[in-house]
Amino acid sequence: MVMLNMSGRIPEEKIEQIRKSTDIVEVISDYVQLKKQGRQYIGLCPFHGEKSPSFSVSQDKQLYHCFGCGAGGNVFSFLMEHEGYTFVDAAKDLAGRANIDLPVQSQGETNRHSPTKMMIDGHELASKLYHHVLTLTEEGAGGREYAKSRKFTKEQLEHFQIGFAPNRWDSLKIILDKRGFSLEMMAKAGLLGIRESDNGYYDRFRNRLMFPIWDNQGKVIAFGGRSIGSDKPKYLNSAETPIFHKSNTLYALHLARPYIRKENAAILFEGYVDVVAAWGAGITNGVATLGTSLTQEQAKVLRRNAENVTICYDSDRAGVDAAFRSATILEEAGCHVKIALMPEGLDPDDFIREFGAERFKTDVIGASLSLMAFKMRFLRKGRNLQDEGERLRYIEEVLREISSLKRAVERDHYLRQLADEFSLSLEALKQEQFQLYRAKKQQQAGKSEQPIKRHATKALNQKKLLPAYKNAERLLLAHMMRDIEIAEQVQERIGGAFNVDEHHAIAAYLFAYYGEGNEADPSQFVNRLEDPDLMRVASELAMLSVNEECSEQELIDYMKQIENYPKWVDIQQKEILMKQEHDPVAAAKLKMEIIQMKKQLH
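Quick note: the sequence shown uses UniProt numbering, first residue 1, plus one each step.
These are computed hints drawn from the structure, not numbers from a lab.
Hints are supplied without guarantee of correctness; some may be wrong.
To be verified - Below are the BS3-like pairs computed for lysine-lysine, each with C-alpha atoms no more than 27 Å apart in a straight line:
hint, residue 1, residue 2
1, LYS178, LYS128
2, LYS440, LYS430
3, LYS36, LYS262
4, LYS20, LYS219
5, LYS117, LYS151
6, LYS579, LYS51
Throw the hints in and build the complete structure from the sequences for me.
Given below as structure tokens:
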């Protein structure tokens, strides 16, 4: 197998065992919210930004393809493209999921000690050490007392693997050194600091309650440390490292994902302590940003997992402002957004400790406002609406927001609310709102008309205006991947005489694949392709909708289209030469040749 020969480390039979034991829908569902549509599963593509799903996964064929960006392949290539894995890394991941023992030959030993692997292993060790210190040692007594004061239960400490960094400069450093970790590498990973005086190493986190921060698959890649004393800052997060990027990471996503998918809804908090407290209150679909504002990347991750997001930030001015910004970003990502308002001066953790879980679920999460209702509250904050000028400015700003609503019934609802509150004419408000709505639409049309036109033209050229010969090649290859007898008929009549280079290469690989005695299996065949571009094309062809029963005449028609295309190219070239020919006799001779060639084709 080509892919295997490249790695040279995993036996062929093991790869086949992994492939047969893996369900691509289950694996991709860890990254993308998939919905069944007919025989396929669809979702938002994880490889490019989109609001309408064009990413399709076939459980029958064990392949995926995005009809928007063209990404495609099998479960191995998905992990390689999404996670940046090598083929061996992807095989290891899938073997672990399927509980398959995977012997790795000596050539792969260096991969175990790659910088990324070392950094993750260092974080995993640190996480176990901190949790052990908190739960089982005398050094963790201060951490246990603090956790008790925050009303963290044993279940919360276990579920989130919360730990404690002792108030020492070398606890973690000594353990890492004994286990053979490069201290220089651990400093780059953010676990250790470097002293300027002698370039020695020390523990970066000390005397703090430690919250592991995981990647989307549950590997520890960073920490958040909450001071239990007067140490500043109160919250200390890991710095950006090669394995940790704040803008892409949501706290506890891998723990919350099953509940987010089940409810098609996520609760977005500002920090990890709020997520832990909310989980203790029965809110299992909570995630958080990490001390930074919500980013577009994080919003896209949320949208791939759920359609509905409730923002639950602190009640102070900074929290309200952040909620407004986050709501806008989530709305642009295609989410339906609601806002849970906290009472003045309280954050979610404070509220739960003071009033309990049930009131948090009913009075805060259960009483969430629609985004428009929240915007109206936000816009009136700090205004004196008794002042005529202030009142008019507020009404105009609200009308602008109402104009951005897509549904007419929503616009009508809030216009009536505005008219009732300020004793205004509903008709006058509707006229004003309509003027703003029309102006906004014209502005949007002016900005986007040309790009949309170009995009539509490109899409038509790619999908609908393909030449007959190219469509014939695509459909013929799709049938060949499904039926060995069709492949044999094609090989006998036209061999590899496909006109598109990628199609020619796929046909050659397919003939070789069947020549080895393999059965028709698109997923297994795609697994043999080394070139990622060929893999994408082959995946798309394998997922084309074609008639299950291909008639003999249909096959012949496809092959005729393929055989005739080079002849039509010759005719076109002769027609060009004829127009350029100044000698009437030579031109007439070319004309007769063209007529004869066309007769033969017809």
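Regarding the pair LYS178 and LYS128, is the alpha-carbon distance no greater than 27 Å? 15 Å, holds
Proposed proximity, LYS151 with LYS117 (alpha carbon, max 27 Å): 36 Å, violated
LYS36 and LYS262 were given as a pair; does the straight-line alpha-carbon distance stay at or below 27 Å? Roughly 14 Å separates the two Cα atoms, so the pair holds.
Sort out whether LYS219 lies within 27 Å of LYS20, counting only the CA atoms. Measuring from Cα to Cα gives roughly 26 Å; hence the hint holds.
Given the proposed pairing of LYS440 with LYS430, does the C-alpha separation stay at or below 27 Å? Roughly 15 Å between the alpha carbons, so the hint for LYS440 and LYS430 holds.
Is LYS579 within 27 Å of LYS51, Cα to Cα? Outside the cut-off at roughly 51 Å; violated.
Violated hints, in rising order: 5, 6; the structure is consistent with all others.
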